[in-house]
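There are 2 protein chains.
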Amino acid sequence: MRVMVQKFGGTSVATKERMLQVLEKVRGGLQNGCKVLAVLSARSGDTNNLLALASEWSDNPDPAESDVLVSTGEQVSVALFTMLLKDAGIRARSCTGGQIGVRSNSTFGKARIRSIDTHAITALFEHYDVLVVTGFQGVTEDGRITTLGRGGSDTSAVALAAAAKAELCEIYTDVEGVFTTDPNLCAKARKLERVSYDEMLEMASMGAKVLEIRSVEFAKKFKVPVLVRSTFSEAPGTLVTQEEQSMEQIMVSGIAYDKDQARITLRSVRDMPGVAAAIFGPLAAARLSVDMIVQTPSRDGVTDMNFTVSRKDLRRALDIMTAVGEGVGGIDIVHDDNVVKISVIGVGMRNHSGVAAKAFAALQAENINILMISTSEIKISCLIEEKYVELAVRTLHDAFELDKSSYLED
Amino acid sequence: MRVMVQKFGGTSVATKERMLQVLEKVRGGLQNGCKVLAVLSARSGDTNNLLALASEWSDNPDPAESDVLVSTGEQVSVALFTMLLKDAGIRARSCTGGQIGVRSNSTFGKARIRSIDTHAITALFEHYDVLVVTGFQGVTEDGRITTLGRGGSDTSAVALAAAAKAELCEIYTDVEGVFTTDPNLCAKARKLERVSYDEMLEMASMGAKVLEIRSVEFAKKFKVPVLVRSTFSEAPGTLVTQEEQSMEQIMVSGIAYDKDQARITLRSVRDMPGVAAAIFGPLAAARLSVDMIVQTPSRDGVTDMNFTVSRKDLRRALDIMTAVGEGVGGIDIVHDDNVVKISVIGVGMRNHSGVAAKAFAALQAENINILMISTSEIKISCLIEEKYVELAVRTLHDAFELDKSSYLED
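Line by line, the protein sequences give chains A and B.
Just so you know, we're using the working numbering here: the first sequence kicks off at 10 and counts up by one.
Just so you know, we're using the working numbering here: the second sequence kicks off at 10 and counts up by one.
Just so you know, these hints were derived from the structure itself, not from any lab.
Simulated pairs of lysine to any residue, SDA-like, Cα-Cα distance not exceeding 25 Å:
#, chain 1, residue 1, chain 2, residue 2
1, A, Lys268, A, Arg199
2, B, Lys34, A, Leu62
3, B, Lys25, A, Ser67
Just chain A, same shape as in the assembly (with noise of 0.2 Å):
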């Protein structure tokens, strides 16, 4: 039996005219000698207006209590999709996350699936051709009703897919899949035809907002093949999928940038053992999220350390440096919210050096300052003013020039 799991977000079945273009998808899967898992996100808004009913009944609402309501926005959509499969004349039926046998933990609100009960998939498909699935959802061990948090469908789709041994997982959106960029800020910006699971890692966890970043790290684990496409286009999207030799000649893939950053910046803190403890570990025991880290060198004992956090931390990150700031002796806090990360992605980097330097010279040439640097095995990430951002991604596109289909190191 072959499987393919097809997931369509909230905009994808907000209409019944947009239900019946998901309805053709449906239908060439099957043409294509496929039974098919389909994963319905609820309709556009709908979800808002269950949260916006919840905090009208509650300050605080019951986070289980807060699930059975949410869930019932999936229910929703798989039932007036089913109608219209029926219509058709196709075999099909709804799930609940709970009938499909999605076991998840019981963090209400943001649940993790521990377990998919693959017979129920199976028993299921012998009956129907099309599974209509609730995504977001799943089930607690005693039977709550649990959700996976905001995106979460795009987890359950992936997830589905390894549990049914799919031989592929599409993801259906209102884009046409990855771009070498923001295509809004670089008009250059170019749709990949495949790019790596570790790629599209950084790339959703720069905002690209593709693919929810922990359906790419479940698709990685299981080796899920993923292809991001439009529902209103015939394009062939974006596979994402397994390294290959050939990927890595392709030394970049994309520019991706994160304007959800601010700087702090502790001048003259002692450069002595346990300093960075005593500045990082208040701010892990807030929650608080750091992501670049940059320490200059010491002279005369002393060092500036730098780190970024979100945006919206910042005010509670300067109140705890300032609480531990006079013990580490760096009494001199300023910080920045006019910054931006901007990132050169690629798994063949890491084979190839040059990537950094070649991105330093091409910011440079246009007199852009760089405020931070950090780096990964397939990234390198520059902390520049906000100001600056559209100007240095399509600098860093034309620099590896990501217009053409593959740029190779020679």
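Chain B: place on chain A using the hints.
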């Protein structure tokens, strides 16, 4: 463990403010030393909105998927109400029909309850003081969602009360109880303190609409005492219970009427064996339900056959009669839909003569012509012209002195 069931209809849970009134009723149950099973309908209007959505999506919505859709209405109610209970510090959780073990057959849209898993209720009450249950729904043997049909929440409540061996099933609604007749037609209508299951069945089937008829049958079968009362007042309500000796002394409990009647007369039908079957067989085959049937005494080998059907079925019934009429000689078919059935109901009349005579005399004194009469053990029904309905209700209410707390025949 003492358990009580409290059922709240759609108007009682329509807004947060009303739900807060409902919360006080639940608190009353707890203060009374009981665990509470609160059975909720969907908020007023929600079910109709969901059904409208279904008809927008399909001319003939798949019944199973329609149930998946419509059942979200109650799920929203129970989640919101449980949030309020939790905020009030009450140990509560919501349960869908499936979670609390309401098994039904698979007649989607109007399923019938087969069994309730009492172990689930007992186990849950070890951790919670209030279980907030979606009325109107269950699950099939293989876990598919069903709904019990309009008004099914009353049936859910009574069935849960039977399963949990509840000492009382309170049905909260927007009226204060069961009245001797429709207060809109007769200012002297008086709320009954108690009424027997059989009397209630006659009243419900006559459109008294306080309790759904299936729930009364269920209550009678499992001897569940049902208290009908208002969410919005402290009035004591009406207890629907087993017939007691004292009730038989009360000859007449109420006057009901039913405007959904249309009369058909087949004149000069041959009076011979098999005629009744020839007439009513085709009506039953077409699933038209016939209410009153009166055959006039035979004269010269012919007779008049009179019967009533629901007004919406009149056209189809006439078509069927035209088809079968010739075969039985009754080619003269007349009909009238300006008729109303008015009934005098009371378990006491079983042991007392004179009720029928008194009713006929009272109507005659007001020049109200009786078109048809039918009787049961505890009911006398007269078909009259619709224009007399208010007068007839008031006349019979006065004749049996129903405004006084009991009418005893000497």
